[in-house]
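Asker: Going down the list, the sequences are from chains A and B. Position 64, counted from 1, in the first sequence is what this note's numbering calls 809; the numbers after and before it change by one each time, with no gaps. Position 365, counted from 1, in the second sequence is what this note's numbering calls 454; the numbers after and before it change by one each time, with no gaps.
In short, the hints are calculated from the structure, not lab data. One thing to keep in mind: the hints can contain errors.
[Said to hold, decoys possible] The following label-pair restraints were derived from C-beta to C-beta distances:
| # | chain 1 | residue 1 | chain 2 | residue 2 | range |
| --- | --- | --- | --- | --- | --- |
| 1 | B | Ser296 | A | Glu787 | 35 to 43 Å |
| 2 | B | Ala120 | A | Ala872 | 55 to 63 Å |
| 3 | B | Leu509 | A | Glu787 | 49 to 57 Å |
[Stated by the list, open to error] Chain B regions said to be covered by chain A (calculated; three or more residues, Cβ under 8 Å):
| # | stretch |
| --- | --- |
| 4 | 254–263 |
| 5 | 358–367 |
| 6 | 434–440 |
| 7 | 473–486 |
| 8 | 515–521 |
| 9 | 747–756 |
The beta carbon of each residue, even a glycine, is placed where N, CA and C say it ideally should be.
Here's the letter readout for the chains.
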Amino acid sequence: MATIAFTLNGKPTSLEVAGERKLLWVLRGELGLTGTKYGCGESFCGACTVVVNRAPVRACQTTMADVQGKEVVTVEGLAQDGRLHPLQERFVEHGSLQCGFCTPGMLMSAYGLLLQNPHPTREQIVAGMDDNLCRCSAHQRIVAAIEAAAGGM
Amino acid sequence: MTTTDLSIRSGERPDGPPALSRRDFIKLFGAGIVVCFVVADWSTLEAQETRREYPTDFNAYLRIGEDGRVTVFTGKIEMGQGVITSLAQMAAEELGVALESIDMVMGDTQSCPYDMGTFGSMSTRYFGPALRGAAAEARGVLLELAAERLHVIPRRLEVENGVIHVAGHPGRKVTFGELAHGQAIQRHLSGKPVLRSTADFTLSGTSVHRIDGRAKVTGAAKYAGDVRVDGMLYARVLTPPAHGATLKGVDTSAAEAMAGVTVFNREGLIAVLHADPEQAGRALAAIQPSYDVPAATVDTESIFEQLIAKAGAPQDVERRGDAAAGEKESTTVFEHRYLCGYGAHAPMETHTALADVKGGEATVWSSTQTPFPNRQQIAQALGLAPEKVRVVTPFVGGGFGGKSGAGLQAVQAAKLSQALGKPVQVMWTRADEFFHDTFRPAALVQLRSGLDQAGRIAFYDALIYSAGGRSAEQFYDVPNSLVRTAGNWFRDEAQAHPFGIGPWRAPGANLNVFARESQIDVMAAKLKVDPLEFRLANTSDARMRGVLQEAAARFGWSKAAAPSGRGVGIACGIDAGTYVAMCAEVAVDKASGRVQVKRVVCAQDMGQVINPEGAIMQTEGCIAMGLGYALTEELRFKGGEILDRNFGSYELPRFSIQPDVQVALVKNDALAPQGGGEPGIVPVGAMIANAVFDATGARVFRMPMTPARVSRAIAEM
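Pulled out of the complex, with its shape left as it was, chain B reads as follows:
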């Protein structure tokens, strides 16, 4: 099952962990028992994109130290999603120690093995089982050592709270710390370890408070911007007025004349530095650049035609039966276009980094979801070998996909530090953040579907532009179904978008589910059938039926065709292996078009649940955040110029628009843990659109469903 291997050789890849000799390894980790393991099952779309960079050796460690403490080293990062707690819980469970005995070391490229990044709701799904395996292996090693020490066979031993004792003889015992003392045991986990049965779990599956809670309520938790190094300077970087603008010239003389200010102007990076960040800000304001800004050819309204024009040939996501034949059998055909605009990630922490480059080595504290790719980007910018660059990831103040990009702020800080020979912090202003964000792309879905004489869905044909195929797979029992995508939702090679785009919580899925679930309600309304009944009549998928029925029962759904005037709506979807259904009750002010969501009830089947409290919290967060893309958030722009540059005009969901939210987890312990950080956001838009239709009889096809758009839909009825 395992091999004992006392050297680590994995430094052959340029961005892999540095090769370590046994001596280095022991120096790095101290004495103890170490289990290295591989997280192997990276099977989602995002994973495939970067898979070629993934090592085959190992990508996580777990150590039992001489003090009995257990340390988990992982390249994953904590940005609020709570893996610092759920991963610790899994390790504690499998090892048989208290949660308090676990230390998590995350996102430090020096002590943690390579990891491609934290995104795609994958940490618990894929990392979790591997971590459990390693913990089980460590437990096996400890039991062998204890058996020798206590002169019994391992089977006679029991583990409790970091202590191993002989069954029935609690006095004949030895602690993990005592067993690890003076050891230098390293195991490589391969093959399938024997895991404890979920029935024996005492910790996993129970709710625990976040292990980072205390640090975060006392102000002690450190984020990248909170790290202080002697002699550090604060930099402010010049941001152009528009994407596509070219610098014609710049007058930095006024800034240079200011006391204590350093001006940097090289290779397109213009920055000012000062020991006081406010002074740096004043110096930046004194810089006078002149730009050529190309004339705007697209804006917030006209972008959709450009997306279609530049999309290229569609690719199949899924093809079932013959959509054209299904259309011929249809007695009613429905054709609608569903749209959404650009969205900002808007984490409360702007992109921040502190770089200290000296003696040909760099240490960079960075707010990033991808510390290892970040290291590569920094190394390249500095002309250093990757092993000379250490990226440390303190707590990240929200990411949502927005901190998985180019690590631009870290590269800026590193370049400035290298040039000046001093530690440099770059903390983007909110306006910088709104400029450099890789926005959720504007996108649209052209959807055609038909009902046959019996009222069954005879065909379904979705052509998705610029959103990708996530959560677009057909789970309704449609004999003829075609789902295609065209255009890109990241890596915009066709330059269909006027600025950078990238993944935003459940990329593309929010629009895809909005389109499908709105269209389902359009068809149900035509048939004058209750929306829940129509869904149940058209899907035999047991997990989907389960969440639909659970959500409806908890909501108190009563049967009626829409529009009933009550303002209730339902929608469902599948994302990251998790099934989710939710119902809402809304009030629509017909005069202003303002929508107030009063309550939401959600049912989710996410397989085995490690920390129910954490999972419910994530789902509540999904619903509350979903209100933004559904109702308020839309980035306005004119060509490459971003018009919304702070929260005064870009409206995040706030306290007063929050509904009462209830989340129920549907028990499914037979299935390994599925995604938790994103599924709950995907049906929110459709659920609200369906509820607005139920309230008013008006259908809104474009998100966000602003008061103006809702009013227009009502007026056009």
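Bound conformation, chain A alone:
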């Protein structure tokens, strides 16, 4: 067991957990943040994507030791004081989701992408999102929402 201290959705957080535990299961378990999803467990699908120190990472491959002292943002941390983040608003407006299971990972990958590159081209969005899978196939609308949000972030 170790004490892992990090910032979670803007709040200082400290936990007694084994350092090798995966962030995905700690978020979904002890921390009660079930927005981050398990989809494949091997980083192929992106459903568990969260943003750590402004970069998108796969929570299924990230250990608690990896986030020591870092800033973690999950889908629950995107909206501020009940106001949706522009990406969330554009996803709703553009109908960029169906079953919604890949949506948190899509949003967090897009959020990470826009933090690194605030004005991506369409090609850069496609390349940045290419390892996030969506079975309902909302791809075109996800790209449109990210393009629209990039202007307003």
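Given chain A, work out where chain B should sit, using these hints.
Answerer: The following block gives chain B in isolation, referenced to the frame of chain A:
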């Protein structure tokens, strides 16, 4: 038109809703106005399979509460297809309330009446009209009550946004909530209610955002795996290495020695449980089973001969004229075999359930398309009466037909919870999902057709193996046409398939349309006639001509015989009552055989459209998903061993292969709403195959059209 009936008696069927007394009913629903109704017109093939279980009493309710809110109770579930929004829209429209006043309670076997499941593009088609009827009935009741309260005849009243007022006197009003207050009115809808005319609609037919959108972008939306109950354990279940493998022995001692681990080994179910899912995973890895795995006799390539050998006698789907006589009149006969391999449903949410079994009762939160059959399966496994089992269906993270099966994960969770006396979650790993999936079966179509001297289709003879007859009906004006099926596409009694099979989005239709529409292009090419012109010359069906012409016009189709070198293709089909045609432009890299679809234009006639935005979204999803079966997705196996167990090798369509997609809805308000969740996927394979032929002159007869297969077809030209 209606009868007032204050008791519900429908508990005679073993899996029907529990019988409720009037008192129970009021306790369950609170005061208000309730309208029960029957969804009666279940006339598709899938419906007939389970029809005998369907109740004749009622199968949905709608309630107006004392707070004026309207709640729709339905056994249908929301898995992305958007019925949570379109059904709410219909109820709101017919009642005259804002969409925001509607609450949807879905897939909860305790509060919702029996429903056989959500599949077959039936929710809007069949449920919709019944729901509208019930809403109209409720509106009638409210108008009667308001007339008494306001001392006018009902005809003088107007309804707006949940408020009824006297025409011309907006101040003389009463709200739905006020009218429902202290009431315990229950109506049974029978006969045909008076519905509002579509011309008066303000909400249906207009696009609205999904009512579940906000919950889904904030992470608040709950799926089965997100439900938490105090003291719950996470289970991991041992999955055999191959279908048909038998367990010889198992050493669980290493797992048992791990702190906090419980090992379960009974009746063929081996599982490990822990308060932390990762620890459960480690414990599972420590289990050492030994299996007898039978030698593989079939694989990805050799399966087709087995399908033919085990198919049994063909059955007619449709017989018109005399195919043999038509063949004699033919000057050119075309004979081809069209194939597709197995496909996975691969919803992003794996099968998941949380079961809490205690005191002889069970509550199970399950990701399922079929909560009521699921309840039956769980009850049977636990030895409980069905009314002691409650299945709750939170949001489902994709189904596509794959969550309409045996509810195995829910049965596993329920058995473990019963044995341990604790709540237990079973969330299948992706490898479990790839093992237990009821795959879309490998299938083939042997197709023979002929052209007469005048260049008309003289005969058409399709023998379909293992795909069923969906979307195989002949809509071309062929005087002699025979369509037959052999073998099963679900319930594989002949054991032609090495593992479980079942319905996959538009079951069988994708292959059937691939075969027919490819063959149509083969014939057009022989005649050196433009593929669109050949289709129009051979069908007088007005709806089909309409969608073909609309798609072609929007695409900018210009007349040329294939192969023109441009890489354009067209295909069309009918599915779930909806007509659809689409055109594509592709680029083929002749060196690698890689196909990139650049753009797709689709035209669809689906009758009256409730939520155009939702319908277009579904169709876009169909096209994007269709790219997978057409180009990339094929499950590889050796005997009962599944070789693809995650997305590293089973390739779903991703962002970089998506074309620009445009969907146009052809207006047809005279026709009731038709299917929307599946039709758009059926022509995708054929459209791409035809475009690949147009680009290269090479015809690919097997899906998916992988680079290797396209290269081979080019090399064999």
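Asker: Could you tell me whether the CB distance from Ser296 of chain B to Glu787 of chain A stays inside 35 to 43 Å?
Answerer: holds, 38 Å
Asker: Is the distance from the Cβ of Ala120 of chain B to the Cβ of Ala872 of chain A consistent with 55 to 63 Å?
Answerer: With a Cβ separation near 57 Å, Ala120 of chain B and Ala872 of chain A satisfy 55 to 63 Å, so the hint holds.
Asker: With a Cβ-Cβ cutoff of 8 Å, does the stretch 358–367 of chain B contain at least three residues near chain A?
Answerer: holds (count 3)
Asker: CB of Leu509 of chain B to CB of Glu787 of chain A, is that within 49 to 57 Å?
Answerer: Taking Cβ atoms as reference, Leu509 of chain B and Glu787 of chain A lie about 29 Å apart, which means the hint is violated.
Asker: How does the coverage statement for the stretch 515–521 of chain B fare against chain A, requiring three or more residues with Cβ below 8 Å from a Cβ of that chain?
Answerer: holds (count 3)
Asker: Count the residues of the stretch 254–263 of chain B with a beta-carbon closer than 8 Å to any beta-carbon of chain A: does the count reach three?
Answerer: violated (count 0)
Asker: With a Cβ-Cβ cutoff of 8 Å, does the stretch 473–486 of chain B contain at least three residues near chain A?
Answerer: holds (count 3)
Asker: Quick check: do three or more residues in the stretch 747–756 of chain B have a beta carbon closer than 8 Å to a beta carbon of chain A?
Answerer: holds (count 3)
Asker: With a Cβ-Cβ cutoff of 8 Å, does the stretch 434–440 of chain B contain at least three residues near chain A?
Answerer: holds (count 5)
Violated hints, in rising order: 3 and 4; the structure is consistent with all others.
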